[in-house]
Amino acid sequence: MIMKLKKQQSGHAAILFVMCIPVLFGVFTLASDGARALQSKARLEDAAEAAVLAVSAYGEEDEVSTQTGKDYVAHYMHDMSNLVDIEVEKLECSELPECTADDNDRPFVEYQVSGRTKHKSWFPGNDVTVGFGESFDVTGMSKARKFQSSQPMDITFILDFSGSMNYDWEGHAPSYMEEEVPKVPGRYSPPSRLSDLKDVVQMVTDELQVYNNSTTGPKHRVAMTGYNRRTVNESSNGKFVIRDQRITKYNSDGYDAGDKFYPKKTINKQFMVKGAAARVPNGDEKAEFTDIMYTSDFASFNHKIKSFEAFGGTASLQGIIRASQIVSYHITNDGEEANPKQLIIILSDGEDFNHYLGQTETLVDYGMCDNLRNAIEGGPVSSEDNKADKIVFSSGSSSGLPTNTGEDPSVRIAMIGFGDGYDIHANTGLLNCVGEENAFSANNKDEILNLIMSLVSEEVGHLAQ
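Convert by adding 197 to the 1-based position in the sequence shown; the result is the number in this note's numbering.
Hints were generated in silico from the structure; no laboratory data involved.
Bear in mind the structure is a predicted one, so any value in this text is a computation, not a measurement.
There are no misleading hints in this set.
For lysine to aspartate or glutamate, the following EDC-like pairs were computed, each having C-alpha atoms within a straight-line distance of at most 20 Å: (1) K642 x E404; (2) K315 x D334; (3) K471 x D488; (4) K461 x D567; (5) K466 x E558; (6) K315 x D268; (7) K315 x D243.
Across the chosen pairs, the derived CB separations fall in these ranges: (8) E574 x G231: 56 to 64 Å; (9) D586 x D243: 49 to 57 Å; (10) K462 x N629: 19 to 27 Å.
Backbone N, C-alpha and C define an ideal beta-carbon position, used for all residues, glycine too.
Based on the sequences and whatever the hints tell you, model everything.
Encoded structure:
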């Protein structure tokens, strides 16, 4: 009897086992591919975290950042069948409620990297067994914030006011100007590079204002000098004076003698405020701009810049030398000493005009930019000038820029080149002045803004996850 029951039960067990196989296999496949999906999601989030830190250090929202995200995902996601989507986003402080909140004392920029990857299932399933299908997608996202620190900085803009700044972004001149050779096909279409650059400066100061509004201590300040083939600044009686920052030999007719200038003498007098230029090149006198000393009154600063007009050729050496004088005198509207952090940004839409290209390179070789750095930070300076208001020059050395906290000052000099076809590497003098790591190219207004804000954040900020 017992043996008979065992035979009957063994038959039932076999049937039950056969019936359970699809269920058991389904559980196995769900567990296998489910574990893969969870593991893939974790790896994708790791990739997004690494990518967002790299992107935030780079500081731009562009094709390079997107490619950076793709490269990190490809490195982490070995078993993906393809990358469905990658998105890089940069949010300014003004776009983030938590950044503009009253209890936030440090403005920040937030970067986000998100991605979606597709993976082939190991066990896709069929009509009988459960599975994930032929493939499954996973998503991952990470954020990083780049904060401005509690330490403010002084920013010196060296702005190009040459005639080509009136061109549009495709290189077309407005109707009142003769286009440069070769002529660019098409017609002028505003805005001009100059009007966009003015807007960028306005947006930068708007971001700096967020910090200034949150503190009762030292504030961010900005100063500006402009250049074409000369510089313009006010005399003691308030009149605008066009000045040549070079020491140059002239013929009796007032023109440069073979454009002969004296680089060593020019460097010796680098920090000396010059008198009126002996000759103003044709077209340069049509430009209207002047220096603006260090101020935290950004509304007044931008109001002045909005009225400036560009014309004439390009000689960046003029702006760099004049900036040296502005920094060494460091006249502020609040009467305080300089902030310890100093940032100098050269902005131009083209390489130096004609012979000025070689002159800039020569002056850099003679120490023009090293003098500027060492004047601020302290160190050897090949200048004989002893009349600067804030910096003491003695025995071929600078005492350094006095700061409002007593801390040692530091400076970064950078350049941003923009406009159609402008290769920053063609301007060897400027490139050698700032160094390859501080030379950047931009193709539009947004890229210029992103680069400047990245320089500001890199100089005073840190990354936070």
